[in-house]
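Student: For the protein sequence lines, the chains are W and E, in the order given. With our numbering, letter number 41 in the first sequence gets 84, and the count goes up by one each step, no holes. With our numbering, letter number 26 in the second sequence gets 1518, and the count goes up by one each step, no holes.
These are calculated hints, taken from the structure and not from any lab test. Just so it is clear, the structure is predicted and the values come from calculations on it, not from any experiment. Note that beta-carbon positions come from the ideal geometry of N, C-alpha and C, so glycine has one too. Treat the hints with care, since some could be wrong.
Said to hold, decoys possible - Derived coverage of chain E by chain W (criterion: at least 3 residues anywhere in the stretch with Cβ under 8 Å from a Cβ of chain W; other residues may be distant):
(1) 1523-1533
(2) 1555-1568
To be verified - Just some of the chain W residues that point at chain E, by a computed CB distance under 8 Å:
(3) Ile172
(4) Tyr176
(5) Ile211
Here is what each chain is made of, one letter per residue.
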Amino acid sequence: MMMPDFGTGARIALAPLPPDWPGGFWWHWLFFTVLVLAFVLSMVMGVIYIERRVLARMQSRLGPNRTGPFGLLQAVADAVKVLIKENIVPAAADKVVHWLAPVVAFAPVVMVFAVVPFANGALLADLNIGILYVVAVSSIASVGIFMAGWGSSNKYALLGGMRDVASIVSYEIPLVLAILGVVLVAGSLSLNDIVQAQQNIPFILVQPLGFLLFFTAACAEINRSPFDLLEADSELTAGFHTEYSGMKFAMFYLVEYAEALAVSAVVATLFLGGWQGPVLPPWLWFLGKVFFVFLVMVWVRATMPRVRIDQLMAFAWKCLFPLALLNLLLTAAEVALWPGAMPLIVIPINFAIAGLLIIIWSKFFKLGWGRVEV
Amino acid sequence: MGLTIAFWAFGTVALLSALGVVLLRNVFRAALSLVLCFLCIAGLYVTLSADFLAAAQILVYVGAISVLIILAVMMTRNVPQGSPGNRLKIPALLVAAVFLGVMAVAMIYTPWQVAATAPAAPTTAPLAGRLFGDRGFVLAVEIGAVLILSAVIGAIAIAREK
Chain W
44 MMMPDFGTGA RIALAPLPPD WPGGFWWHWL FFTVLVLAFV LSMVMGVIYI
94 ERRVLARMQS RLGPNRTGPF GLLQAVADAV KVLIKENIVP AAADKVVHWL
144 APVVAFAPVV MVFAVVPFAN GALLADLNIG ILYVVAVSSI ASVGIFMAGW
194 GSSNKYALLG GMRDVASIVS YEIPLVLAIL GVVLVAGSLS LNDIVQAQQN
244 IPFILVQPLG FLLFFTAACA EINRSPFDLL EADSELTAGF HTEYSGMKFA
294 MFYLVEYAEA LAVSAVVATL FLGGWQGPVL PPWLWFLGKV FFVFLVMVWV
344 RATMPRVRID QLMAFAWKCL FPLALLNLLL TAAEVALWPG AMPLIVIPIN
394 FAIAGLLIII WSKFFKLGWG RVEV
Chain E
1493 MGLTIAFWAF GTVALLSALG VVLLRNVFRA ALSLVLCFLC IAGLYVTLSA
1543 DFLAAAQILV YVGAISVLII LAVMMTRNVP QGSPGNRLKI PALLVAAVFL
1593 GVMAVAMIYT PWQVAATAPA APTTAPLAGR LFGDRGFVLA VEIGAVLILS
1643 AVIGAIAIAR EK
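Sequences and hints are given; from them, build the entire structure.
Tutor: Rendered as structure tokens:
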């Protein structure tokens, strides 16, 4: 099959790192494992700080600004505080499940970063099933959330867990369909190849509707506000982690932000060109894009009210799912029938179609008494 | 060497967790044990150079099917007691033993063919070629899709409120 040609540019990419850099399989493994863990843990601190300060700024508050310069050490202080708190396990809890739940939730989120390229070829494992691996592994994290919800033997926790089941099963479908559009255009499942295919044009321009669908579905999948129903404070106290305290609560907090970070990294890789960019070193471009996507998530959180559970379901099945199918059909038709039109002619067409579809759906698709502005 | 160790480790854990599914009284823990079993089977696929199949196994079985099983368990009362025994215990044991025997005999006496060539390194493209390409299994894939679609429509028709 003919692949669309994106590589007319004069910029020559740096030579990729060899797959066993720096010297040998085990050194590669050690270096990138440590790098991924350090990246996740330190970036989580960073994004928690950003979220609290930016959210405060958007809501005309100050946010934490007393601990360290500009309140930078607030996340560190919170982490230390929560680590030395007492660990309380409810008497009626299923002890083993309650204990294992944070671990089961945390491990897959870190595993996602194994295939995310930080620079050309700089990743733990360049799997040829890359993005499928991301989707598969991140779906394991939900098992940890049910374990927490059920193992706590608390009705709020159980309700939170069941809402999570409903939202994950529903939003997985538009999420994967939106990814398939990118895979069709790039012609590969490997994340490094997908980034290389975006040398001149990031896929957010080629796949505008796919980007919106993926971003929305991913936010719902990781329960970011406005889809944070499973821990809706005003209804369920804290949802699935109501009965968690101390270190294990910190683990769930870590999972929440590591998931947000993973979604930001995957969005940056799939749609914003990953490590590609002029002048600055690739890893800096990647970090900048990750932070940018996270800022958009914070912005959405500060803007949108929380949806109801029926709205959550209807939005997935009646709005995102048909749009994702149409997007996939459109992309497949373009790639198969008109590869010569990639990418310059296709970009305005796709933007026009995306805008039209979103307007149509926001007109005839109603929830409750109001309209959904997508 | 490393692959062999991984294969046997995954196989052992898969067997133990499968036993756990049957033997654990607590239905929720049995469901979690089933999740572990699915994960180990995905690991076995990885050691056998079927990485696409492994990812699909995790996505479908761990991500979707076990989630639905756990949802059903969450709706169940008296989960820690497990299912009470009844008069069918001994017939069930007999049927299970016969089934195990048939499976074991079939597996031992089948002349399994081992491919002489090494497995293809990136499996995705050859797999897609076999499934959708020329002289591939596209008819079977489409029949499977139609079957699933009719099952989905049937499920909606049954569950729909009158």
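Student: So, for every hint listed, does it hold in this structure?
Tutor: Here's how the hints hold up against the structure:
1. Given as covered by chain W, the segment 1523-1533 of chain E passes the check, having 3 residues with a CB less than 8 Å from a CB of that chain where 3 are the minimum.
2. Taking a C-beta to C-beta cut-off of 8 Å, the segment 1555-1568 of chain E contributes 9 residues in contact with chain W, enough for the three needed, and the coverage statement holds.
3. With its C-beta approaching chain E no nearer than about 5 Å, Ile172 of chain W sits inside the 8 Å limit, and its interface hint holds.
4. For the restraint placing Tyr176 of chain W at the interface with chain E, the shortest Cβ-Cβ distance is roughly 5 Å, inside the 8 Å limit, so the hint holds.
5. Interface restraint check for Ile211 of chain W: the shortest CB-CB distance to chain E comes to about 7 Å, inside 8 Å, so the restraint holds.
Violated hints are absent here; each numbered hint is respected by the structure.
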